[in-house]
Each structure stands twice: as structure tokens, then as C-alpha cells.
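A.B. asks: Chain residues, written in single-letter form:
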Amino acid sequence: EAQVTQNPRYLITVTGKKLTVTCSQNMNHEYMSWYRQDPGLGLRQIYYSMNVEVTDKGDVPEGYKVSRKEKRNFPLILESPSPNQTSLYFCASSLKDREADTQYFGPGTRLTVL
Amino acid sequence: AQSVAQPEDQVNVAEGNPLTVKCTYSVSGNPYLFWYVQYPNRGLQFLLKYITGDNLVKGSYGFEAEFNKSQTSFHLKKPSALVSDSALYFCAVRSNRFSGGYNKLIFGAGTRLAVHP
Chain A
14 EAQVTQNPRY
24 LITVTGKKLT
34 VTCSQNMNHE
44 YMSWYRQDPG
54 LGLRQIYYSM
64 NVEVTDKGDV
74 PEGYKVSRKE
84 KRNFPLILES
94 PSPNQTSLYF
104 CASSLKDREA
114 DTQYFGPGTR
124 LTVL
Chain B
-5 AQSVAQPEDQ
5 VNVAEGNPLT
15 VKCTYSVSGN
25 PYLFWYVQYP
35 NRGLQFLLKY
45 ITGDNLVKGS
55 YGFEAEFNKS
65 QTSFHLKKPS
75 ALVSDSALYF
85 CAVRSNRFSG
95 GYNKLIFGAG
105 TRLAVHP
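Same order as they appear, the protein sequences are chains A and B. Using the numbering used here, the first residue of the first sequence is number 14, and each one after it goes up by one. Using the numbering used here, the first residue of the second sequence is number -5, and each one after it goes up by one.
To be clear, the hints were calculated from the coordinates, so they are not data collected in a lab. Keep in mind that the hints are not guaranteed to be accurate.
Unchecked claim - Which chain A residues face chain B? A few, computed with CB under 10 Å, are given here: (1) Q19; (2) N20; (3) Y61; (4) C104; (5) T115.
Here a beta-carbon is modelled for each residue, glycine too, at the ideal position from N, C-alpha and C.
Here chain B stands alone, though its shape is the one from the complex:
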């Protein structure tokens, strides 16, 4: 069973417009959710995570993500996109329910964000 889904391969947004990159998860119990960004020829950079508490999580570079338990979603958002936000974005969940007891980090397939001037 797929544990993290990013339904869009690519998202196109005009600079200055709000952006949303979608992520849904299927993990029993409390989910520990992460967003990472990969710029061209760079490693994965941690953006933000949800552990517990406030459903709106704020992270680096003006990004935020909204945890919705009923919809099992953790969408990444930004009020005003920049051309420099163009990158590959990964949603991930860390859980011991897909491994032999250790807390494995499981990634979605990634969504390429293209912000046009």
C-alpha cells in the first residue's frame, strides 16, 4: 500500500501567485510528516515537519504546510511564489509501520514546481 502520495508530477504557477503542492498519506496512528526540497544539482533540504499540535506548520523560505487529519493530507503552501522556488519537492513520512521496527523515512515520488515570471 502506498504510504505517501504526491498526485501531481508537476505544478505550474505564475510568480506572485499562491502555490500548493499536494501530499496525502496512509499511515495508521500519529503521522510524522516532512517536506523536503531539491534544487537542481543539490541535495535534499529540509523545509518543515509536522509532529503534533497546530495543524499549520511554518518552515523555511516562507513555506508552510497544513495538516488535515480527516483528509489525511499535508499540503505544502506558499502565499506568493518566486521563480527561485522552482525545484523538486518531496513529501515524506517517518514511521516504523513499514519496516522491521525502525523508523523508516518513506518518500513520495516528488512534484516538480515550475514558477514562471
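With the rest of the complex left out, here is chain A:
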């Protein structure tokens, strides 16, 4: 089944404890992206990647890092999480970065930082 997977689905952590949220897609997509969803603010893009070893900042990159060493994986790293990073996170992928390409989303990771 073609899909985007994320792990973990739920995570409660404490301020300053480094964490990684994994994202993997099995559709051989070149483009991948991370979003966060907050009440009243909709979905905002954190980082995106055009292909392996090509990443760039989205609208809200502060406090996050990403890497793209393999085509299928695009982990999101929080080096020192803070409470304002409590949110619902989505990974997405599309075949390429073209206007007509559909982005497919993972199931989400609900992160709480205490």
C-alpha cells in the first residue's frame, strides 16, 4: 500500500530533551515536507526537501532540523524542544515539486513538550 508513515504517533517529552520524529514514504517521491498544525493557525510548513541532500526552510523553521540522506526518509529533529513546539506534526510527500503534484500526508504525530 502506498503510504506515508510517521513515528511516533504520540509523544510527551520535557523541555530540552532532543527528539526525532521519523517520516518514511514508499512511493519513490522526490519532494517531502513537514508541517505543523495549530488551532486557529492552520497548517504551516516547517521544512521541505526537493530530493536527497536538498532541503530548505519553510515558514516556521526555528527550533527544527531535518535531513534527507535517503529518498524515502525525511526525519524531523528537535534538538532542544520547548513548550511552544507542542503541536500536531504532519509529514507529506509528492512525486515532484510541480504545481499539479498531489501531496500525500502521513497520519500525524501529536507532540507535547512539558
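Based on these hints, arrange chain B on the given structure of chain A.
C.D. replies: Relative to chain A, chain B alone:
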């Protein structure tokens, strides 16, 4: 400038009645428009998209959307609503006109659809 607007925070519909969830956009050139649905505790699921051609686009779960260039709208519709359609719906446009050259997916704020038995 807001590029995608969903003017209604919530839409209430009785089961069996037709439903419409509104979306307007402001993008120069040809718009590439998408609808996604988010069920409780689930990710965003792709419903349908408009690229070019027929203004009426059919998608998953019996949904369709009508593209209207003159009104810059892309309203989501369904002839007969089900209680199971209750969810959060997002309209989005993918364009390189709001970014540094890549094709960014920009979302509306979302509309919560509540279908009552």
C-alpha cells in the same frame, strides 16, 4: 495577501441534504487547487484536485468541486451528506508565487463540517 480563504469556520447540514463548503483563492495565473479532509485523530486525506479542463471535478467519497474562474472559487459539494462526512475540510493551492521558486502548498484555515442525523 491571503491566497486561500475558507469563509466559514463551521457548516452544519442535516443528513441527506446537499452540502457545500466554500473556498476562494487569489493566485495569478492558472491555479492548482486541492481539497483535503481530516477526520478526528487522523491525517489529511486527499479528496480531489483541479488542474485544468472540466470545471467540475469528481473525487473520493462522492465529493465533487466546482471551479469558477470568474468568481475565483473552488467550492466543495456533495449531493447527499452523511453523518460520517463530519470532519475538518481544507482547501489548498499549490503555487510558486508565494515562495522562493518552489511550488508551495498553501492551506486555507479549514472548515468544520457537522452533519446531523
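A.B. asks: Which of the numbered hints above does this structure break?
C.D. replies: 2
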